[in-house]
Amino acid sequence: MNIYQITFWILSLFTLAFAIGVIMSRNPINSVLFLILTFFCISGHYVLMNAQFLAIVNIIVYAGAIMVLFLFVIMLMNLNSDTEPQKNFLVQFAGVVSGGALLLIMVAAIKSSLTGLEGKNIDLINSTDIGLIKNLGTVLFTTYVFPFEIASVLFLSAMVGAVVLGKKDSALKTAE
Amino acid sequence: MNAIVLSGIWGVVMMFAGLFLKSSKQIQWTALLGIIALLVVSILDYQAHSVQAQTYFGMMTIDVYTSWFSILITACCAMYLLIFHKDIAAVGKNEAEYFALIFFVMCGVYLLASYSNLLILFLGIEILSIPQYILAGSDKENIKSNEASLKYFLMGAFSTGLLLMGMTLIYGATGSFDITSEKFVGQFEQLSSMSSLSFVGILLLLISFGFKVSAAPLHLWTPDVYDGSPTAFTPFMATIVKVSVFVAFIRLFHFSFGNVSDAWQIAIASMIVLTLIIGNVTAVYQQSLKRMMAYSSIAQAGFMLFSIFAVNSTLAYKGILLYSVVYSLASIGVFAVIIKMKDYTYDGFNGLAKKQPVLAFTATVCLLSLVGIPLTGGFFAKYFVLSAVVEQGKYIWIVVFAVLMAAISAYYYFRVIRSMYFKTGEAAMHTEPTTWDKTLLILNAMIILLLGVLPSLVFG
Amino acid sequence: MQKDGLEAIIMEICNPIIYHFLRSLKNNSQTITIFELQALFLRHFKKMPSQYYLFLSLALFCIGVMGVLMRRNAIIILMCIELMLNAVNLLLVTFSKMYNDPNAQLFVFFIMVVAAAEVSIGLAIIVMMYRKVHSIDVHILNRLKN
Numbered sequence: 001m002n003i004y005q006i007t008f009w010i011l012s013l014f015t016l017a018f019a020i021g022v023i024m025s026r027n028p029i030n031s032v033l034f035l036i037l038t039f040f041c042i043s044g045h046y047v048l049m050n051a052q053f054l055a056i057v058n059i060i061v062y063a064g065a066i067m068v069l070f071l072f073v074i075m076l077m078n079l080n081s082d083t084e085p086q087k088n089f090l091v092q093f094a095g096v097v098s099g100g101a102l103l104l105i106m107v108a109a110i111k112s113s114l115t116g117l118e119g120k121n122i123d124l125i126n127s128t129d130i131g132l133i134k135n136l137g138t139v140l141f142t143t144y145v146f147p148f149e150i151a152s153v154l155f156l157s158a159m160v161g162a163v164v165l166g167k168k169d170s171a172l173k174t175a176e
Numbered sequence: 001m002n003a004i005v006l007s008g009i010w011g012v013v014m015m016f017a018g019l020f021l022k023s024s025k026q027i028q029w030t031a032l033l034g035i036i037a038l039l040v041v042s043i044l045d046y047q048a049h050s051v052q053a054q055t056y057f058g059m060m061t062i063d064v065y066t067s068w069f070s071i072l073i074t075a076c077c078a079m080y081l082l083i084f085h086k087d088i089a090a091v092g093k094n095e096a097e098y099f100a101l102i103f104f105v106m107c108g109v110y111l112l113a114s115y116s117n118l119l120i121l122f123l124g125i126e127i128l129s130i131p132q133y134i135l136a137g138s139d140k141e142n143i144k145s146n147e148a149s150l151k152y153f154l155m156g157a158f159s160t161g162l163l164l165m166g167m168t169l170i171y172g173a174t175g176s177f178d179i180t181s182e183k184f185v186g187q188f189e190q191l192s193s194m195s196s197l198s199f200v201g202i203l204l205l206l207i208s209f210g211f212k213v214s215a216a217p218l219h220l221w222t223p224d225v226y227d228g229s230p231t232a233f234t235p236f237m238a239t240i241v242k243v244s245v246f247v248a249f250i251r252l253f254h255f256s257f258g259n260v261s262d263a264w265q266i267a268i269a270s271m272i273v274l275t276l277i278i279g280n281v282t283a284v285y286q287q288s289l290k291r292m293m294a295y296s297s298i299a300q301a302g303f304m305l306f307s308i309f310a311v312n313s314t315l316a317y318k319g320i321l322l323y324s325v326v327y328s329l330a331s332i333g334v335f336a337v338i339i340k341m342k343d344y345t346y347d348g349f350n351g352l353a354k355k356q357p358v359l360a361f362t363a364t365v366c367l368l369s370l371v372g373i374p375l376t377g378g379f380f381a382k383y384f385v386l387s388a389v390v391e392q393g394k395y396i397w398i399v400v401f402a403v404l405m406a407a408i409s410a411y412y413y414f415r416v417i418r419s420m421y422f423k424t425g426e427a428a429m430h431t432e433p434t435t436w437d438k439t440l441l442i443l444n445a446m447i448i449l450l451l452g453v454l455p456s457l458v459f460g
Numbered sequence: 001m002q003k004d005g006l007e008a009i010i011m012e013i014c015n016p017i018i019y020h021f022l023r024s025l026k027n028n029s030q031t032i033t034i035f036e037l038q039a040l041f042l043r044h045f046k047k048m049p050s051q052y053y054l055f056l057s058l059a060l061f062c063i064g065v066m067g068v069l070m071r072r073n074a075i076i077i078l079m080c081i082e083l084m085l086n087a088v089n090l091l092l093v094t095f096s097k098m099y100n101d102p103n104a105q106l107f108v109f110f111i112m113v114v115a116a117a118e119v120s121i122g123l124a125i126i127v128m129m130y131r132k133v134h135s136i137d138v139h140i141l142n143r144l145k146n
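One line per chain: the protein sequences are D, E and G, in this order.
If you're matching positions, the first sequence starts at 1 in this note's numbering and goes up one per residue.
If you're matching positions, the second sequence starts at 1 in this note's numbering and goes up one per residue.
If you're matching positions, the third sequence starts at 1 in this note's numbering and goes up one per residue.
Same shape as in the complex, but just chain D:
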């Protein structure tokens, strides 16, 4: 054990605990807050792996923008009390069992023959600086310039869609 491994174990523990908190808490607001904490822990993992750019983007985009959007919508709907009717116990149990079975199968399948990963370790300290903004930016605007442009079409359609769905038709009628 060393300080990096200790950090890894503590972060992993917190990540999993908060993730379980997301799916177990009855109040949606608590779920959102747990999810934000999970994202912070994942950002911690990114820092540990020397991917600083993604760590910051993860906090700014996910925890900062997306989760605030979630909070807004939950507040808008006034769901901050325990209004959600629970699924019956059997369905919840089935959900847990199938999720756990999926985990078990995937872990068993991968662990049985780790031909791809055996002996491959991640260099945590003396790692190269591929995760820094300069390198990522160079690759993004050379090799990945085509997907970058294509992503604009995706955003455009999402923007159009949000307006089409979100706009109130009745408000339009009165305006006309």
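Below, computed lysine to any residue pairings styled on SDA-like, alpha-carbon distance capped at 20 Å:
#1 K168(D) with R131(G)
#2 K167(D) with Y130(G)
#3 K134(D) with Y99(G)
#4 K93(E) with V163(D)
#5 K167(D) with K93(E)
#6 K132(G) with V163(D)
#7 K111(D) with F199(E)
#8 K144(E) with H134(G)
#9 K132(G) with M77(D)
#10 K132(G) with F72(D)
#11 K167(D) with L19(E)
#12 K111(D) with A101(D)
#13 K132(G) with M75(D)
#14 K144(E) with A162(D)
#15 K132(G) with G166(D)
#16 K144(E) with D137(G)
#17 K111(D) with S193(E)
#18 K111(D) with Y52(G)
#19 K111(D) with S196(E)
#20 K183(E) with D101(G)
#21 K132(G) with A162(D)
Note that these hints are calculated values from the structure, not bench results.
Using the hints, position chains E and G against chain D.
Leaving out everything else, chains E and G in the frame of chain D:
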């Protein structure tokens, strides 16, 4: 490549058209102009790429096959827009945006036809899906449309998560996202050297693919979504989008995972059996024709799965090309008749042959093609995909099973024909078809009949 | 040399000090040689087996799947899907470090882009639904069937 750019740009043009053009007619004409331009551009692309394939930083490989498929799918989309443009504009207030979203979907279709990198596959599937969630919910006053949209979105987002996990595990095994790179190809050279990571990855990709093409047992969203969406958009989702997802996954499973087909063929085989049983048997019990067509699209997906099942056979490629065109045109033809009716149940179609002989005739041709009767395009489509499996020599019993299921499918398709021709009723119309509509429908039926005689027309 | 528990932790944290201390005591030491210490140092201090991260993100992914299956609230289902995507992101960064390849980190970037677009659409749909039926319970979808 030009088609991708033009489809993106024309989406923006449509948005501006909604802003500046006041009349709905002008907006529709702009959209039709756009799809014709797209068709011309994709033909020009085909001529440009017929000499040599073009690649973009290992992201796209546009060659003669992909651009030929682009032409075919654009032609199907042009047929769809020509027949349905008035109905699309009638769905809601934001008609220009609906057309814009359809052009964005076409952009995704071109990406899926010619990707050579898993990132583009992912982006293509997302560009394909996100506009569809909106189109499904575009009839905002109708609660069934809202339900369809939410259900489609939750299922689609979940399957995207599975897709990404699959891609990541495959990346973990290969170390590359580029499906043409040596590392990627080397990993899937033979089954014994394949890492267990890619094994799990392929299975996750398969599940996500099953979601997208509504193969059983992952089909549960399909009937509700296709039934709840506005009738103008259902044929688009059921034909053009579904077919292009098929082509995308055939590209991945045949070219990249073809050598390790023993790992996933059994999964596809069980999917085919379940899809054919559930799709066909449930369709028999439906009362609404729209819902019946939703189940029929599940059943047809079962037949299209055969083309993935038969690895590395030229018959399978020919089969999927012919099947995509014929199935798209036939479904569009049937939906074009459904949308004209007031009552979507079988009884609503009673006596249509007396009242609208042209509509009844074109619908009959399309339905016969869906069954796979000789002299219609559907016969050769089914023949090619099934004979590809026979040629492969494994799992012959599935072919026998599929033929039996095609016989069951004849029951519910012929039920519609019986309602139209042999029952008396008033067949109340929602909108009267114009001469232009009838001409297009006859043209559509003629193409299907022509492909029944000369199927080689679509092979390029 | 194997040491467990607190002793090992203290030793690892204060590694440089112990290192120098042991170096000065080199001749007296019977069990620890500098080379052994260096080997330990290299094995544990710099490297991290990638399986740990693989299993961590698989566990995170499955927690997300469980959430999707268990909950009835559409917003929480959407949040669980975000959790699944984040598990994928974590795994991609791990593989990126393993192969020393920036492509995977850019893939993460694109996943974030798509997730943002998807969430905006999803929330728009949920709000639209809520306006109509005043509920975001997914069970209502089954009740609406004909």
